[in-house]
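Asker: Each chain, letter by letter, is given below.
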Amino acid sequence: GAGVSQTPSNKVTEKGKYVELRCDPISGHTALYWYRQSLGQGPEFLIYFQGTGAADDSGLPNDRFFAVRPEGSVSTLKIQRTERGDSAVYLCASSLVHGLYEQYFGPGTRLTVT
Amino acid sequence: QQQVKQSPQSLIVQKGGISIINCAYENTAFDYFPWYQQFPGKGPALLIAIRPDVSEKKEGRFTISFNKSAKQFSLHIMDSQPGDSATYFCAASMKNHDKIIFGKGTRLHILP
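Those sequence lines, one after another, are chains A and B. First residue of the first sequence? That's 15 in the numbering used here, and the numbers climb one at a time after it. First residue of the second sequence? That's 34 in the numbering used here, and the numbers climb one at a time after it.
I should point out that these hints are in silico values taken from the structure, not numbers from a laboratory. Any given hint could turn out to be false.
Said to hold, decoys possible - Have a look at the derived ranges for each label pair, beta carbon to beta carbon:
#1 A:K92 / B:A62: 28 to 34 Å
#2 B:F72 / A:R36: 19 to 25 Å
#3 B:G49 / A:G65: 45 to 51 Å
#4 B:M127 / A:Q94: 28 to 34 Å
#5 A:Q94 / B:T61: 36 to 42 Å
#6 B:Q105 / A:G67: 43 to 49 Å
#7 A:G42 / B:R84: 24 to 30 Å
#8 B:Q42 / A:P84: 28 to 34 Å
Beta carbons are placed, not taken as given, at the ideal position from N, Cα and C, and that holds for glycine.
Can you build the whole structure from these sequences, using the hints too?
Answerer: So, in structure tokens, the structure goes:
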């Protein structure tokens, strides 16, 4: 079946602009995770959803970052007033049930802030 | 503070050789230790994982060795192949499959 998909695959934006990154999890997966991977580094946890609610947003770096999952499926990561330091690959993962099953990662969205 | 320390940063191995990547952790609350493989332009994919009550786990050419007292674990790739060339991440989580804490990664290159 289809894996986790993320759109767009690449996004270039100017400093100060607003961006939205989309994640489509594997069908039926209740848990959804966002990670950020900077160049040459391992992914870093941002937030995870169990169903529609954000169960743990402790990894969001500041209040410019926000994520939603209104219907418990697709999720959108929103970044306001982008800064050059936000440039990274944003990875989404999903799991059948949080804490019990493997997380499957999407290919990521490469965000470049100029 | 880096919770999972990984070495080496990069590794070159001849085809057929053994590739060894090491990791160390500090937090004894970690109870799940996965290894991920990542190819360029792709997301990480789970390769193999171990829990601290087991000292070794083998799946095909891939083996995890775990030393709980030393808080260290390693990945061994036997009979390394050019197709194994990728970046490998060790990781840890506090509950099975909870938010995953990744190491910085090891870029492995297998010479044909």
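Asker: Could you tell me whether the CB distance from G49 (chain B) to G65 (chain A) stays inside 45 to 51 Å?
Answerer: holds, 48 Å
Asker: For the pair Q42 (chain B) and P84 (chain A), does the Cβ-Cβ distance stay inside 28 to 34 Å?
Answerer: violated, 41 Å
Asker: Do the Cβ positions of G42 (chain A) and R84 (chain B) conform to the proposed distance bound of 24 to 30 Å?
Answerer: The hinted range 24 to 30 Å holds for G42 (chain A) and R84 (chain B), with Cβ atoms some 26 Å apart.
Asker: Between the beta carbons of Q94 (chain A) and T61 (chain B), is the distance compatible with 36 to 42 Å?
Answerer: Holds, at about 38 Å.
Asker: Taking 19 to 25 Å as the hint, is the beta-carbon distance of F72 (chain B) and R36 (chain A) inside that range?
Answerer: holds, 22 Å
Asker: The hint says 28 to 34 Å between K92 (chain A) and A62 (chain B); measuring C-beta to C-beta, is that right?
Answerer: holds, 32 Å
Asker: Is it true that the C-beta distance of M127 (chain B) to Q94 (chain A) lies inside 28 to 34 Å, as the hint says?
Answerer: Once the Cβ atoms are compared, 31 Å apart, the range 28 to 34 Å for Q94 (chain A) and M127 (chain B) holds.
Asker: Between Q105 (chain B) and G67 (chain A), does the beta-carbon spacing fit 43 to 49 Å?
Answerer: violated, 37 Å
Checked against the numbered hints above, the structure violates hints 6, 8; every other hint is satisfied.
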